[in-house]
Amino acid sequence: MDVNFLFVSALNGVVYGAFLLLTSLGLSLVFGLGRVVNFAHGALYALGGYALADVMRRAGLDYWPALVAAPLVVVPLAIVMERLTIFPVRNRPEIYTLLVTFGVSFMIIGGIEYAWGTGTVLIATPRPFTGTVSLAGNQFPLYRLFAATLSLVVSAGVFAFVQLTPVGLRIRAITDDRDMAESLGIDTKWILTLVFGGAAGLAAFAGALGAPIFAVQPEMGTGILLDSFLAVILGGLGNLPGSALGAFIVAMTKSIGGGYIADWSVAFLFLVVGVVLVLRPTGVLGRGRVA
Amino acid sequence: MAPAAVAERRTLSSREIWGQLALPLVAAALLAVPFIGTPAFTATLLNEALIYAIWALSLDLLVGFTGLVSFGHAAGFGLATYAAGYFAREVSADFLLTLAVSEGVVVAVALVAGFIATRVSGVAFAIISLAVCQVLFQIAVGWRSVTQGMDGLVGVPLPRLFGRAIAMGPAFYTLSAVLLVTSYLALRWLVGSPFGRTLAAIRSSELRAAAVGIDVRLHKWAAVVISWAVAGVGGTLFVFMKAGTTPMVLHWSESGNVLAMTIFGGLGTLLGPVAGAVAFVFLRDELTTHTQAWQFGFGLVFVLVVILFPNGLAGVAGRLWSRS
Amino acid sequence: MEPVIAPALQVRELSKSFGAVRAVDRVSLEVEAGQVHSLIGPNGAGKTTLFNCVTGFLRPDAGRVLLRGEEIGGWPSHRLVAAGLVRTFQITKVFDELPVLENVELAVRSRLGRNFDVLHRACTLTDARREAEQVLELVGLADRHQARADQLGHGDRRVLEVAIAIALRPVVLLLDEPTAGMSRAETERIAQLIRRLTDRTSVLLVEHDTEMVLAISDEITVMTQGQVIARGTPDAISRDPMVQDAYLGAVDVGSA
Numbered sequence: 034m035d036v037n038f039l040f041v042s043a044l045n046g047v048v049y050g051a052f053l054l055l056t057s058l059g060l061s062l063v064f065g066l067g068r069v070v071n072f073a074h075g076a077l078y079a080l081g082g083y084a085l086a087d088v089m090r091r092a093g094l095d096y097w098p099a100l101v102a103a104p105l106v107v108v109p110l111a112i113v114m115e116r117l118t119i120f121p122v123r124n125r126p127e128i129y130t131l132l133v134t135f136g137v138s139f140m141i142i143g144g145i146e147y148a149w150g151t152g153t154v155l156i157a158t159p160r161p162f163t164g165t166v167s168l169a170g171n172q173f174p175l176y177r178l179f180a181a182t183l184s185l186v187v188s189a190g191v192f193a194f195v196q197l198t199p200v201g202l203r204i205r206a207i208t209d210d211r212d213m214a215e216s217l218g219i220d221t222k223w224i225l226t227l228v229f230g231g232a233a234g235l236a237a238f239a240g241a242l243g244a245p246i247f248a249v250q251p252e253m254g255t256g257i258l259l260d261s262f263l264a265v266i267l268g269g270l271g272n273l274p275g276s277a278l279g280a281f282i283v284a285m286t287k288s289i290g291g292g293y294i295a296d297w298s299v300a301f302l303f304l305v306v307g308v309v310l311v312l313r314p315t316g317v318l319g320r321g322r323v324a
Numbered sequence: 083m084a085p086a087a088v089a090e091r092r093t094l095s096s097r098e099i100w101g102q103l104a105l106p107l108v109a110a111a112l113l114a115v116p117f118i119g120t121p122a123f124t125a126t127l128l129n130e131a132l133i134y135a136i137w138a139l140s141l142d143l144l145v146g147f148t149g150l151v152s153f154g155h156a157a158g159f160g161l162a163t164y165a166a167g168y169f170a171r172e173v174s175a176d177f178l179l180t181l182a183v184s185e186g187v188v189v190a191v192a193l194v195a196g197f198i199a200t201r202v203s204g205v206a207f208a209i210i211s212l213a214v215c216q217v218l219f220q221i222a223v224g225w226r227s228v229t230q231g232m233d234g235l236v237g238v239p240l241p242r243l244f245g246r247a248i249a250m251g252p253a254f255y256t257l258s259a260v261l262l263v264t265s266y267l268a269l270r271w272l273v274g275s276p277f278g279r280t281l282a283a284i285r286s287s288e289l290r291a292a293a294v295g296i297d298v299r300l301h302k303w304a305a306v307v308i309s310w311a312v313a314g315v316g317g318t319l320f321v322f323m324k325a326g327t328t329p330m331v332l333h334w335s336e337s338g339n340v341l342a343m344t345i346f347g348g349l350g351t352l353l354g355p356v357a358g359a360v361a362f363v364f365l366r367d368e369l370t371t372h373t374q375a376w377q378f379g380f381g382l383v384f385v386l387v388v389i390l391f392p393n394g395l396a397g398v399a400g401r402l403w404s405r406s
Numbered sequence: 009m010e011p012v013i014a015p016a017l018q019v020r021e022l023s024k025s026f027g028a029v030r031a032v033d034r035v036s037l038e039v040e041a042g043q044v045h046s047l048i049g050p051n052g053a054g055k056t057t058l059f060n061c062v063t064g065f066l067r068p069d070a071g072r073v074l075l076r077g078e079e080i081g082g083w084p085s086h087r088l089v090a091a092g093l094v095r096t097f098q099i100t101k102v103f104d105e106l107p108v109l110e111n112v113e114l115a116v117r118s119r120l121g122r123n124f125d126v127l128h129r130a131c132t133l134t135d136a137r138r139e140a141e142q143v144l145e146l147v148g149l150a151d152r153h154q155a156r157a158d159q160l161g162h163g164d165r166r167v168l169e170v171a172i173a174i175a176l177r178p179v180v181l182l183l184d185e186p187t188a189g190m191s192r193a194e195t196e197r198i199a200q201l202i203r204r205l206t207d208r209t210s211v212l213l214v215e216h217d218t219e220m221v222l223a224i225s226d227e228i229t230v231m232t233q234g235q236v237i238a239r240g241t242p243d244a245i246s247r248d249p250m251v252q253d254a255y256l257g258a259v260d261v262g263s264a
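Residue numbers (this note's numbering), protein chains in the order written: chain A, 34 to 324; chain B, 83 to 406; chain C, 9 to 264.
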């Protein structure tokens, strides 16, 4: 066994895990809060990448300002999407939000293909993080380390926000018991919109941040969408720490397993997920719903 | 003590006569299509629609009757195209034999995938079914020695039935139509049986179903396997019609297509999805020639139908019928 | 010598904790054949937790549950029902989109082992239908048999749930707050129905309506804070000072 290869695969797993954390947290928050399952989450991630590319090309901006701009472009679109498509089905069974967002994802990806074509857009690694760094004798791209660190910091910020702020308290209250929260006078409607927008912003940010690493193409969101869902299911639906754990399990499984059996990484991942679900249908921490 | 209801004999109203006759009439019309001078292009499109209709029927059993929404229903269909295509090309193009082999493969995989997927319900089930399909997609792309990867399988010969080749055209159309009618009748029987009513109970309330002694997991597993098997019939026909297959048949957008057809047609009606499949095929053909934004438009229609017409065509038709 | 018949239901030293909270603390009770045994106590006494443990919805930490002498710990719902342990739910659960008659028919067909029957048309199973009609008559819903279950009023829905349970021919019927949210008249109706069922099944009932409980029970168990504090006939319970303290308060229960 090539230790270096394993080491680099593990490192890549951590990097991917950090990105997956951003998207999984958003997905889990929105679900826990409003029982909304956002299938368009991957499309929003892709939209983040394309917004970045577009802003860089059209407004001639550098990478860093574009990184800030991309989520700012996507969030309003996401809020409009939520009001027009999710809001009307909010009282129907959960599966309706999944269906509706499924349709929206087609719209977004179709729109992307129409506007930018089906080819890949390459984003150059931004300065000053070009180049590699030497880790245990292996050369590893510096930007990946930076991006992973930034993702982890932002994720920690999200956790802190939910745990420590007054708004976060309201979010947790509604997630726990919506009816009780409403009777206590908490305005549940705009909080859901706020969180939805925030989650979309996280996804778009992840898409833009990852653009130099993972390439920008219309289907870029599919993989991370499925992985995010698997992470959330593994962690137990609606369970935030569980989703974080799930994200890293998924990322490491895919990266290390996929490192050895490249084409079969999804199959291997599914095998792992399948085994977990057979043994513990409520998720690895055993505290989720079986849905 | 209330007396038992006595069935009265009375003459059928003309509405009821039409209601009873409508189905056989439509079926007859469908079967007659290639023989009444329909242009070849339209007949071919309709043939494709018939195959998709089998696929949509199988999804209706799962979604409309058991309440299990699947986002990966391209799996059974696509898997069958590969199994049947490979067998027909390498071993024998005898249709019945190929169908048997392809069904065997599909059922075997469905047993495993279904076992895992039915550990969970609702949203998680939808995602797991998507994951299953993605796995099959990856295998189709990666197992180059068998599937030829992204190039796909080519050179699948014409099917043979009782020693004679079935050419594309009226002969193959009739084969497809017969299989569609058979699938429809079989499913119609199934949903009217006690087993079928048990599925309906599960769709209504899993908790209540378990509380009346129904083994919910086992039933859901059975529903998954049966729906894959029926989809497999469609897949076998499809690979013969296209003389080959590619991994794109297992792409998640295909799962979205069949889901759209079924929802658009009307869940839980069996006939609705058939109509939905026909509408889909002709609409897609019409729209892809006119616009590049097909996928966007498809998504938009999908969203509108889910929000405004959750009962699909069948719901609209039903309302019109009861108002007349 | 007469053979000893095991009680319909036995709960022995059942305990269940949620973290540090002891919801059920070594509770035992027995329901004899043909008996109506009620479980009462203030909110949070652990009645519903006990109920959920007995009916397989929660795993108890300790203790045993026996149905007609047979241990049923850890059995899945459908197996319990097949053995004769049937429950209703605090929030009424019926098959909403299906007709009232079919709600009961499904239970009958399930009991007859027809759940995997693909060889018949469901509508031709006349024995199941007739039995379902009889049950609906027994509970007084025969005239609504064609209506969709979600079109029934609250009281009728509860009665339907009981009908479904009866159709399963239970050994023990566990009713979870059957009169919650009911008017006086509806409560009367359910109470009389429950008494009428004793010729075919035993009943364990969790309730808050003490008046009704005192009127129809053969035996009453009183719980508070996870423990049993009293057990006996309605007469004895209504006179028990500990029970009055903990629960009944100043309820006047007639002759002292």
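Rather than coming from a laboratory, the hints here were simulated on the basis of the structure. Any given hint might turn out to be false.
Straight-line alpha carbon distances no greater than 25 Å define the calculated SDA-like cross-link-like pairs of lysine to any residue that follow [as the list claims (entries may be wrong)]: (1) C:101 to A:304; (2) C:101 to B:204; (3) C:101 to B:300.
We went through each hint and held it up to the structure:
1. C:101 to A:304: Not satisfied, since the Cα-Cα distance of roughly 36 Å exceeds 25 Å.
2. C:101 to B:204: At roughly 18 Å apart (the allowed maximum being 25 Å), residue 204 (chain B) and residue 101 (chain C) satisfy the hint.
3. C:101 to B:300: holds (21 Å)
Going down the numbered hints, you'll see the structure goes against just number 1.
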